[in-house]
Each structure stands twice: as C-alpha cells, then as structure tokens.
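Chains as they are written, first to last, in the working numbering: chain A, 3 to 314; chain B, 6 to 272.
Bear in mind the hints are in silico, worked out from the structure with no lab data behind them. Please note: incorrect hints may appear among the correct ones.
Stated by the list, open to error - Here are the simulated DSS-like cross-link-like pairs (lysine-lysine), alpha carbons at most 27 Å apart as the crow flies: (1) A:Lys28 x B:Lys230; (2) B:Lys230 x B:Lys212; (3) A:Lys28 x A:Lys92; (4) B:Lys230 x B:Lys167; (5) B:Lys230 x B:Lys156; (6) B:Lys245 x B:Lys212; (7) A:Lys28 x B:Lys193; (8) B:Lys167 x B:Lys245; (9) B:Lys212 x B:Lys192; (10) B:Lys156 x B:Lys193; (11) A:Lys276 x A:Lys242; (12) B:Lys110 x B:Lys83; (13) A:Lys242 x A:Lys278; (14) A:Lys92 x A:Lys6; (15) B:Lys47 x A:Lys242; (16) A:Lys92 x B:Lys156; (17) B:Lys167 x B:Lys156; (18) B:Lys192 x A:Lys28; (19) B:Lys245 x B:Lys231; (20) A:Lys278 x A:Lys6; (21) B:Lys212 x A:Lys92; (22) B:Lys167 x B:Lys231; (23) A:Lys28 x B:Lys245; (24) A:Lys162 x B:Lys47.
What the hints assert, rightly or not - Which chain B residues stay away from chain A? Per the calculated CB distances, all over 10 Å, these: (25) Phe175; (26) Arg178; (27) Glu187; (28) Asn249; (29) Trp260.
We put the CB at the ideal spot given by N, CA and C, even for glycine.
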Amino acid sequence: MVNKQTYAEAVKNLPNPGLGLGLRSKHFNHILEHNPAVDWFEVISENFMDSGGRPRHVLRQLADRYPVVMHGVSLSIGSTDPLNIEYLSKLRTLAEEVNPLWISDHLCWTGVNSLNTHDLLPVVLNDESLKHICNRINQIQDFLQRPVVFENPSTYLTFKQSTINEWDFLRYMTEETGCGLLLDVNNVYVSGFNNDFDPVHYIHQLPHDRIVQMHIAGHQHCGNYIIDTHDRKVVQDVWKLFNSAWQLTGGVATLLEWDSQIPEFEEYHAELLKAKKYMNTLSTFKDEETAPLYNEAVVSNPVDFLVSDIMG
Amino acid sequence: MEPNNFSLIQLQNWMQGMLIESEVNDDPGVQQQVNNIVNSSKRLSAVRHLDIYRQSYIARLRACMQNQFGALAYSLGKDLFELFADQYLEANPSNSYSLNTLGEKFPAFLEATRPDAQQREIWPDFMIELAGFEYALSAIFDEQAVENDNKPTNDTPDGGLKLAPVFYLFHHRFPICNYYLEFCQNKKPELPLEQESFCVVTRSNYKLGLFPIRGAQYYFLESMKKGKSVAEAADELIGKFNFNRNEFGAIWPEWRRSFIASGFFCR
Ligand SMILES: [Fe+2]
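Can you make the complete structure from the sequences, with help from the hints?
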C-alpha cells in the first residue's frame with residue numbers, strides 16, 4: 003500500500019488550470035472547429051470508457067489541445083458491494099489515454115447487489131461508513147496509482163444513524179487517505195436548504211488545503227426543497243458562496259456544470275466567465291438577480307445527456 | 006427496521022428497494038419504517054425527503070430511455086412510451102456503470118409483454134422492429150472499429166472493392182429506416198403500413214450513415230458481407246433470382262456508383 007502521505011502530497015501539488023467547462027456531445031463540433039479559449043474541460047468518465055466511436059475519438063483530439071479532468075458518477079465509493087474491478091480497470095485505461103490532471107467522483111453510493119440506480123445516493127455519516135469508505139479509497143488509489151478527488155453531492159435526506167457532520171466526514175476522509183476534495187458550492191447550498199444546515203458554516207469547516215476543484219451550477223427551487231437540476235444559470239446566493247470559497251481556498255480550478263437544457267456553447271462559456279467577477283469583490287452582487295425558472299420535469303442529477311447523441 | 010440496529014448493507018438494500026420498486030405504497034407500516042430511518046426537517050417529513058429520490062429515480066432513467074429510443078417514443082406518444090419504459094425499468098433495473106446499454110433488452114421486453122397477446126395486431130410489430138433498430142444504431146455508433154477512409158475511385162477494379170469495416174444490413178417488415186430518417190428530419194412521419202424494407206447502416210468518420218436499399222441490393226451486399234467478392238456476389242444474386250446476366254451487367258455500373266458514393270466500399 004502506498005503511504006497516504008504520498009497521495010496527500012500529490013494533491014497539494016495539483017495545478018490550478020483555471021475556469022473549465024463540462025464536455026457535452028452537443029458541443030463537440032463547435033469545440034473541434036473553433037478551439038474556444040476555455041482553460042480546461044471536465045469529461046464524464048463513463049461516457050468515454052466504453053466508447054469505440056465518436057465520443058472517444060473527439061476526446062482523444064481534445065486531450066491533445068486542452069487539460070482534461072476525469073469526473074465519474076459510478077465509482078460508488080459508499081456502496082457495500084465489492085469494488086467493481088472491471089470498472090476500475092477501464093477507468094485506469096482511459097486515464098492512461100487521456101492523462102487527466104486528476105480523477106474525481108462523489109461521496110455517495112449508486113446501488114447495491116450489482117444494480118445501479120444512476121443516482122448519487124446519500125451515505126450514512128458515521129464511524130462504520132467512514133471506515134468502510136476510507137478502506138475503499140485506499141484500495142482505489144493504490145489501483146489507480148494516484149489520489150482520487152471526492153465531491154460533496156447534493157442530498158435530499160439525512161439518516162437517523164448519521165453521527166458525523168458532512169464537512170467533518172470529508173475532512174476525515176482526506177486525513178485517513180490523502181484524497182482530495184471537489185467542493186460543489188451549489189450542492190452545499192442545495193443540501194443546506196434541504197437538510198437545515200448553514201452552507202456558509204459548512205464551507206468554513208472544510209479543510210481548505212485539500213480542495214483542488216470547485217463546481218458551480220444552477221438549481222431549481224421548488225418551494226419546500228431545492229433540486230439540483232444543472233439546467234440553468236447560477237443563482238446569486240451560490241455566487242456568494244463561491245466568493246467565500248474562493249477566498250478560503252485561495253482560488254482553485256472551477257467548473258460550471260450544465261447537464262440539462264444545455265445552451266449553445268457561447269452562452270455556456272459566458273456563464274462560466276462570470277466567475278471572474280465573483281472571485282474577489284462582493285461589490286457586483288447586486289446587479290443581476292436571475293428570474294426563477296420552472297420546468298415541468300424536475301430531475302436531480304440528470305443523466306440523460308450521458309446517452310450518446312447518435313445522429314448529432 | 007428499527008433505528009440503530011441495522012447494518013450498512015441492510016440500510017442500502019432497504020433504500021434501493023424503496024427507489025426501484027414502484028409497489029411501495031403509503032401503507033402506515035412503510036411510513037413508520039421511513040420515519041425510523043430518515044430524519045424529517047423544518048419543511049419536509051421523512052417520507053417527503055425520500056420521495057424526492059423515488060421520483061427522480063424513475064424520471065431520470067425514463068429520460069435516458071427517451072433519448073435512446075427517440076423515434077419509438079415519438080411513435081408511441083409520451084404516455085404510452087412512459088408506461089412501457091417504466092414497466093421495463095422495473096423489470097430490468099440497470100446493472101451497469103454505463104447508461105449506454107440501459108435499453109438493451111427493451112425490444113425483447115416489448116415482444117414478451119405485447120399488449121395484443123390475445124388478438125394479434127400489427128402496430129406492436131412495428132414498434133418492436135423500430136426499438137430493435139434504434140438500439141442497434143446506438144451500438145454501431147459506439148462500437149470499437151478501425152474505420153477505413155481508403156475510398157475507391159472510378160478506376161478501382163471490381164475485384165478491389167471490399168465492404169467498409171462498419172457495415173450492417175437490415176431487413177424489416179416495415180419501412181423502418183425511412184420512418185427513422187423522417188423522424189430525424191423532423192418530418193413527423195405517420196405510422197406506416199406493413200411493407201418489407203431493406204437498409205444499410207455504415208459508420209464513416211465516426212458518423213452513422215443510413216441508406217434504404219432495394220431487395221436485390223440487400224441480397225447482393227449480404228453475400229459480400231459473408232466475404233464474397235463482387236463477381237461471386239453477382240453470381241449468387243443471378244442464381245437466386247434467375248436474373249439475366251446481361252440485365253445485371255446493365256444495372257451494375259449504376260449500383261457500383263451509388264454504393265461507392267454512399268461509402269459502402271473501401272479498398
Ligand atoms: Fe457537481
């Protein structure tokens with residue numbers, strides 16, 4: 003087993019590539035033709051690991067032109083199923099091909115008994131699950147020969163059996179395994195509203211030196227709860243949280259997620275670039291309050307964009 | 006389950022069951038279970054918290070099915086498609102890290118659960134064929150293949166013509182390919198009548214090509230797919246249909262031109 007200190011060091015040395023966008027099939031042609039001035043791209047690992055067609059072909063070209071980060075949704079670190087070695091092998095093969103800056107996934111479980119709900123389900127936050135998860139992180143990092151970065155998911159419930167705050171749980175994970183963190187500020191906001199905690203407090207409690215990346219995204223407010231829809235612009239409150247997180251971390255790689263009702267590339271990029279004005283100053287926060295936007299179908303963690311757009 | 010006396014495995018099995026099984030209802034026993042396991046919050050009861058996951062689970066996967074079977078969803082209409090998709094997902098929950106194979110068993114499921122089991126109707130046959138075609142397209146789109154850009158020219162002799170590496174033939178009872186193409190072009194096709202049809206699906210430059218062809222062309226290309234040369238495939242076709250060799254000789258240059266233009270051949 004590699005010393006966790008080695009992974010912790012590796013995390014400390016990860017670069018800050020700047021402002022990035024998620025790679026979506028809808029934008030393949032635009033990116034290949036125009037080489038837009040995006041600092042880096044985040045790719046959903048599962049979208050490419052089995053592809054022998056256009057997605058993989060596009061990714062190969064893109065990885066030559068831009069720094070790439072691999073972001074996964076099926077590692078299922080919290081699951082009580084055995085680790086899926088086939089999945090991990092394909093992840094490793096893809097990483098060898100793409101040479102990502104880092105590999106990330108979520109603090110969640112996606113299924114048991116070999117099923118996959120394709121959701122990022124909440125983990126019980128107690129000693130038993132912490133031990134279980136850290137154990138698995140150690141094995142995975144050794145298998146991949148690199149640290150893995152874990153994201154706080156948006157959550158819609160908490161368990162009676164949980165005894166540890168999520169921010170502490172994440173910190174213990176980094177201490178026990180040397181892994182890195184991906185702070186999704188929108189998820190903190192969504193989970194905080196849904197589960198009655200203060201998102202500002204949450205962000206202050208995290209181990210800031212372990213955070214290598216941030217996510218920002220839009221969500222849908224449904225009155226009594228918020229759904230993390232990734233289908234619209236970022237709200238002001240989330241930009242404010244982003245600003246705090248930027249100060250606390252000293253600035254890390256930042257990515258705008260947009261997975262449903264995906265706009266044209268230019269609009270997507272323009273929304274990302276707003277992050278620049280929310281990095282240092284709070285004076286611009288008054289200017290634009292986004293009007294609430296309601297969709298008929300509200301889906302958390304939409305994944306239909308992961309299905310290949312075969313005639314695109 | 007009582008709080009605090011169940012393991013992580015039990016908890017995950019319980020929660021997954023609550024998401025995947027639509028049968029879970031509002032009976033007080035289930036509600037009590039949820040209350041024992043999940044916290045309520047300022048605004049929501051424990052049951053409402055869990056319901057967010059339950060509703061998103063099916064909506065999320067339904068949307069994937071809709072993406073993978075876009076023409077079928079159009080053809081069946083939203084409500085009927087959702088009904089079939091929901092039943093399918095309940096009977097075949099995903100067991101893969103990938104969503105690309107989510108609909109793999111959908112055509113067979115539609116066949117096994119056809120609504121006209123008592124008295125056969127025609128439209129389910131069309132839907133089943135269409136579903137199979139759409140799934141096949143998604144598999145061809147992403148299959149591992151070394152494409153060959155070496156296109157033949159007018160001077161390439163017949164003996165130098167090979168089928169392109171990604172080349173599939175389809176034979177349908179309904180005009181599936183035309184229907185699918187019209188759907189993609191937003192032409193809002195109507196439910197077609199039964200009519201035998203043939204098509205070729207290729208992939209070149211990582212893009213799919215769909216080409217309706219004639220029956221004789223299908224049998225000719227099928228021979229080539231089995232490894233026959235142009236001359237051998239021509240002999241088989243002439244033998245099979247009792248064609249006049251001169252007739253074939255007259256039509257071949259035209260076939261050859263259009264096959265080359267459509268990317269069926271490489272060198
Ligand atoms: Fe995220």
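Against the structure, the hints:
1. Note on lysine 28 (chain A) and lysine 230 (chain B): the hinted pairing is violated, with a Cα-Cα distance of about 33 Å set against a maximum of 27 Å.
2. Restraint check for lysine 230 (chain B) and lysine 212 (chain B): satisfied, since their Cα atoms lie roughly 20 Å apart, inside the 27 Å limit.
3. For the hint pairing lysine 28 (chain A) with lysine 92 (chain A), the CA-to-CA distance comes to about 24 Å; that is within 27 Å, so the pair holds.
4. Distance check on the hinted pair: lysine 230 (chain B) and lysine 167 (chain B) sit about 9 Å apart at the alpha-carbon level, within 27 Å; holds.
5. With a C-alpha separation of about 17 Å, the suggested pairing of lysine 230 (chain B) with lysine 156 (chain B) holds against the 27 Å cut-off.
6. For the suggested pair lysine 245 (chain B) and lysine 212 (chain B), the alpha carbons sit about 34 Å apart, so the restraint of at most 27 Å is broken.
7. Pair hint lysine 28 (chain A) plus lysine 193 (chain B) holds up; C-alpha atoms about 22 Å apart against a cutoff of 27 Å.
8. The suggested pairing of lysine 167 (chain B) with lysine 245 (chain B) holds, with an alpha-carbon distance near 22 Å, which does not exceed 27 Å.
9. At most 27 Å may separate the alpha-carbon atoms for a hinted pair to count; lysine 212 (chain B) and lysine 192 (chain B) meet this at roughly 21 Å.
10. Restraint check for lysine 156 (chain B) and lysine 193 (chain B): not satisfied, since their Cα atoms lie roughly 35 Å apart, outside the 27 Å limit.
11. At most 27 Å may separate the alpha-carbon atoms for a hinted pair to count; lysine 276 (chain A) and lysine 242 (chain A) meet this at roughly 12 Å.
12. Annotation: proposed proximity of lysine 110 (chain B) to lysine 83 (chain B) holds, straight-line Cα distance about 20 Å (limit 27 Å).
13. Proposed proximity of lysine 242 (chain A) and lysine 278 (chain A) is supported: the alpha carbons are some 13 Å apart, at most 27 Å.
14. The suggested pairing of lysine 92 (chain A) with lysine 6 (chain A) holds, with an alpha-carbon distance near 24 Å, which does not exceed 27 Å.
15. Between the alpha carbons of lysine 47 (chain B) and lysine 242 (chain A) the distance comes to roughly 24 Å, so the proposed pair stays at or under 27 Å and holds.
16. At roughly 33 Å between alpha-carbon atoms, lysine 92 (chain A) and lysine 156 (chain B) are farther apart than 27 Å, so this suggested pair is violated.
17. Between lysine 167 (chain B) and lysine 156 (chain B) the CA atoms are separated by roughly 10 Å; this keeps the pair inside 27 Å, and the hint holds.
18. A C-alpha spacing of about 21 Å is found between lysine 192 (chain B) and lysine 28 (chain A), which places the hinted pair at or below 27 Å, so the restraint holds.
19. Proximity of lysine 245 (chain B) to lysine 231 (chain B) is assessed by CA-CA distance (about 16 Å); at most 27 Å being required, the pair is judged to hold.
20. Between the alpha carbons of lysine 278 (chain A) and lysine 6 (chain A) the distance comes to roughly 34 Å, so the proposed pair goes past 27 Å and is violated.
21. Taking the CA atoms of lysine 212 (chain B) and lysine 92 (chain A), the gap is near 24 Å; set against the 27 Å cutoff, the hint holds.
22. Under the criterion of a C-alpha separation no larger than 27 Å, the hint pairing lysine 167 (chain B) with lysine 231 (chain B) is consistent with the structure, at around 11 Å.
23. A threshold of 27 Å between alpha carbons decides the hint, and for lysine 28 (chain A) with lysine 245 (chain B) the separation of about 46 Å lies outside it, so the pair is violated.
24. For the hint pairing lysine 162 (chain A) with lysine 47 (chain B), the CA-to-CA distance comes to about 15 Å; that is within 27 Å, so the pair holds.
25. At the 10 Å boundary, the C-beta of phenylalanine 175 (chain B) stays outside the reach of chain A, the nearest C-beta of that chain being 15 Å off.
26. The beta carbon of arginine 178 (chain B) is kept farther than 10 Å from every beta carbon of chain A, the shortest such distance being approximately 23 Å.
27. The non-interface label for glutamate 187 (chain B) is consistent with chain A: the shortest C-beta to C-beta separation is roughly 12 Å, beyond 10 Å.
28. For asparagine 249 (chain B), the shortest C-beta to C-beta distance to chain A comes to about 40 Å, beyond the 10 Å cut-off, and the non-interface label holds.
29. No beta-carbon of chain A is positioned within 10 Å of the beta-carbon of tryptophan 260 (chain B); the least distance is around 26 Å.
Figure legend: structure checked against the earlier numbered hints; hints not met, in rising order: 1, 6, 10, 16, 20, 23.
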